[in-house]
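Chains as they are written, first to last, in my numbering: chain A, 1 to 593; chain B, 1 to 163.
Read the hints as simulated data drawn from the structure, not as lab findings.
Possibly wrong hints are sitting among the right ones.
Pairs of lysine-lysine, DSS-like flavour, derived with a Cα cap of 27 Å [claimed, not checked]:
hint, chain 1, residue 1, chain 2, residue 2
1, B, K66, A, K198
2, A, K307, B, K61
3, B, K72, A, K332
4, B, K62, A, K329
5, B, K66, A, K215
6, B, K72, A, K207
7, A, K224, A, K350
8, B, K61, A, K332
9, A, K150, B, K66
10, A, K576, A, K329
11, A, K329, B, K72
12, A, K329, A, K207
13, B, K90, B, K129
14, B, K62, A, K215
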Amino acid sequence: MALSGAHEPESGRPDKRGKELSGAEIVVQALVDEGVEFVFGYPGGAVLHIYDALFRQEAVKHILVRHEQGASHAADGYARATGKCGVCLVTSGPGATNAVTGIATAYMDSIPMVILTGQVPTPVIGSDAFQEVDTVGITRPCVKHNFLVKDVRELARTIRKAFYIATTGRPGPVVVDIPKDVTDPNIKIPYEYPHEIKLRSYNPVQKGHSGQIRKAVDLIVQAKRPVFYTGGGVVLGEASAQLTDLVRATGFPITSTLMGLGAYPMTDPQFIGMLGMHGTYEANMAMHETDVLVAVGARFDDRVTGKIEHFCPHAQIIHVDVDPSSISKNVKVHVPIVGQVSNVLADMLKLYREQVPRSDAPPLPDWWAKIDEWRGMDCLRYDRSSLSIKPQYAVETLYKVTHGDLYLTSDVGQHQMFAAQFYPFDKPRRWINSGGLGTMGFGLPAAMGVQLAFPDAQVACVSGEASILMCIQELATCLQYGLPIKVILLNNGYMGMVRQWQEFFYESRYSHSYVDALPDFVKLAESFGHVGMRVEQPADLEAAMTEAFGLRDRLVFMDIVVDPTENVYPMIAAGKGHHEMHLAPSLSDRELA
Amino acid sequence: MRHIIAVLLENEAGALSRVAGLFSARGYNIESLTVAPTDDPTLSRMTLVTTGNDDIVEQIKKQLNKLIDTVKLLDLSEGPHIEREMMMIKVRAVREDREEIKRLTEIFRAKIIDVTDTSYVIELTGASKKLDAFIDAVPEGLIVEVVRSGPTGIARGDKGLTV
Chain A
1 MALSGAHEPE SGRPDKRGKE LSGAEIVVQA LVDEGVEFVF GYPGGAVLHI YDALFRQEAV
61 KHILVRHEQG ASHAADGYAR ATGKCGVCLV TSGPGATNAV TGIATAYMDS IPMVILTGQV
121 PTPVIGSDAF QEVDTVGITR PCVKHNFLVK DVRELARTIR KAFYIATTGR PGPVVVDIPK
181 DVTDPNIKIP YEYPHEIKLR SYNPVQKGHS GQIRKAVDLI VQAKRPVFYT GGGVVLGEAS
241 AQLTDLVRAT GFPITSTLMG LGAYPMTDPQ FIGMLGMHGT YEANMAMHET DVLVAVGARF
301 DDRVTGKIEH FCPHAQIIHV DVDPSSISKN VKVHVPIVGQ VSNVLADMLK LYREQVPRSD
361 APPLPDWWAK IDEWRGMDCL RYDRSSLSIK PQYAVETLYK VTHGDLYLTS DVGQHQMFAA
421 QFYPFDKPRR WINSGGLGTM GFGLPAAMGV QLAFPDAQVA CVSGEASILM CIQELATCLQ
481 YGLPIKVILL NNGYMGMVRQ WQEFFYESRY SHSYVDALPD FVKLAESFGH VGMRVEQPAD
541 LEAAMTEAFG LRDRLVFMDI VVDPTENVYP MIAAGKGHHE MHLAPSLSDR ELA
Chain B
1 MRHIIAVLLE NEAGALSRVA GLFSARGYNI ESLTVAPTDD PTLSRMTLVT TGNDDIVEQI
61 KKQLNKLIDT VKLLDLSEGP HIEREMMMIK VRAVREDREE IKRLTEIFRA KIIDVTDTSY
121 VIELTGASKK LDAFIDAVPE GLIVEVVRSG PTGIARGDKG LTV
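For reference, chain A alone in the conformation it holds in the complex:
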């Protein structure tokens, strides 16, 4: 299949076709030809030639991080917010291994990224040279594909392949490992960038099978208790508009995974909340009772399904996904449809319109009555009269202060779940978090990538006092590039999610989940040149947040002291079904349906 994805040279971007370039210059020029704005990286011996070539041009901006993990998360955040390919550049050995956590994070969430890693010179590969690791070997299980370039004549074509593979089909990270001698400034060859690339072994499916789509629509038309269950694939596949049209046309309820939040407007009445382990009562009960499940760009992850044997026991399942290996992997589906979700959803809507005329009558009154009854449980209720700041209240205040217009990145733990439950996103690519790998330390560097992509947008990182310390060094990067991110630290003095599991399943033995000897976060932020704030009283929170977001050109680190005992509800314990939720204690004395 042919694809002309690479950018034609724009005005102002240098065109070097046919010029004699060194390997290092080819790397940089290839990035220019791909339309790359930012490279997140950290220099070192094996990439010095490339850094020298970067120094001698202005088309590609390099962002110097403080740790290679930060580079890979920042490139990832940039990719998630923009839909473009994130790029990082790190040196061999520890540079590459430090980036691996970020590569694995991107792999689990199918994020398009190209990671250029330096390698020791080809003659010494395999000799345990200084800063040598088998980067291709180490990254193999956590990349979509990887390459070792042994010949400068292969360099441009390999980089083009890497971008093509990373951004098409089910996206993912691609590593290009480049030995130092391949970038030798003294060896120059004529530069040609292949704008078209053909791979006989890689042909992502575009259109869905029309017979399968017809079968799916037949099921949808006859459904009595249908639910849409949508995931990150809708965001990645730019299918938000097509999804919204189809869901509105059918009048069906829709639930989303953590990764899909915002693909359908969360403030819309047809949206019944996130599903899964910390999903809403109404979403999980609807999953349990549904007769036709329309899964779109979702992968039936264990945090979503609960115990497989109890998953959607009454449902005929339709599954739309670009990756055939996601279909019937964990749950056997009845109508598989492989294709780009945007195309398939548009085809489904067309067929649906042929079969069902427009009508003003409210659809599925019995099913919606049932859902409204479940909604009446008010499963996300929390104690609003508390004297301490509840984390839920902090997220609600964040929503109020930012008027819902925010790019919110997250670290991993309770704060992530509270943000997912209490900040309703109405647009895709606004909620940026590590769902699959669950990488603590992701939030701050990811926010850097987002803020660089959208310098005028409000960008915040919700975090915990444990997660934030895992990539705290990036505060220096934020100062260097003037990134006015707002860090919303929900400080409960515990690794909250670990503490919650220990409370529930280990008889409150809080083994090593208490974070003793925390830094003074205000001073810490100030020492990095930023603004620090500490908030302890619920009454002060809104004013403080308003002030923080008012400082439009400063990074503000808000250390918000929240209730250390608060738990995330509802919760489905591992190995339980959707109908076996734990609700907050004040709710659980009520009869469950």
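Chain B: place on chain A using the hints.
Using the frame of chain A, we list chain B on its own:
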């Protein structure tokens, strides 16, 4: 159930380790795996034998197809096909055993390809079960060494697994 799967791979460095890594990372069974370049030097052909229920084998095939280096894949077990494995077996052969082993070799249509005063090396090609049967037939205690290629396979009929 046992499946024998033929895969055409780009003949690139690391292609084999991608397949081997896939099986270990996802916990799939792998009984044997053989690989060599084809008449087209840019392509390798791999034959692998695995076991699992239908769902697992379906997932194995999808995951193999998902590898960027995989050009084509065919589950030979789904249709009529021919399987061949090659074995070389070194046996102790002295006195009356020398005649006994020779007779066995003739019965199995094998070949003796190396002879010393005290040993033979026998070459035998066939379906894996035939090789197993030969090993069982060699009198107790005479086997010195066994080396097997692992099965390779090809579909019957005029259609080919080609690009």
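Tested hints:
{"no.": "1", "hint": "K66(B) x K198(A)", "verdict": "17 Å, holds"}
{"no.": "2", "hint": "K307(A) x K61(B)", "verdict": "25 Å, holds"}
{"no.": "3", "hint": "K72(B) x K332(A)", "verdict": "25 Å, holds"}
{"no.": "4", "hint": "K62(B) x K329(A)", "verdict": "10 Å, holds"}
{"no.": "5", "hint": "K66(B) x K215(A)", "verdict": "26 Å, holds"}
{"no.": "6", "hint": "K72(B) x K207(A)", "verdict": "20 Å, holds"}
{"no.": "7", "hint": "K224(A) x K350(A)", "verdict": "21 Å, holds"}
{"no.": "8", "hint": "K61(B) x K332(A)", "verdict": "16 Å, holds"}
{"no.": "9", "hint": "K150(A) x K66(B)", "verdict": "25 Å, holds"}
{"no.": "10", "hint": "K576(A) x K329(A)", "verdict": "19 Å, holds"}
{"no.": "11", "hint": "K329(A) x K72(B)", "verdict": "21 Å, holds"}
{"no.": "12", "hint": "K329(A) x K207(A)", "verdict": "21 Å, holds"}
{"no.": "13", "hint": "K90(B) x K129(B)", "verdict": "19 Å, holds"}
{"no.": "14", "hint": "K62(B) x K215(A)", "verdict": "23 Å, holds"}
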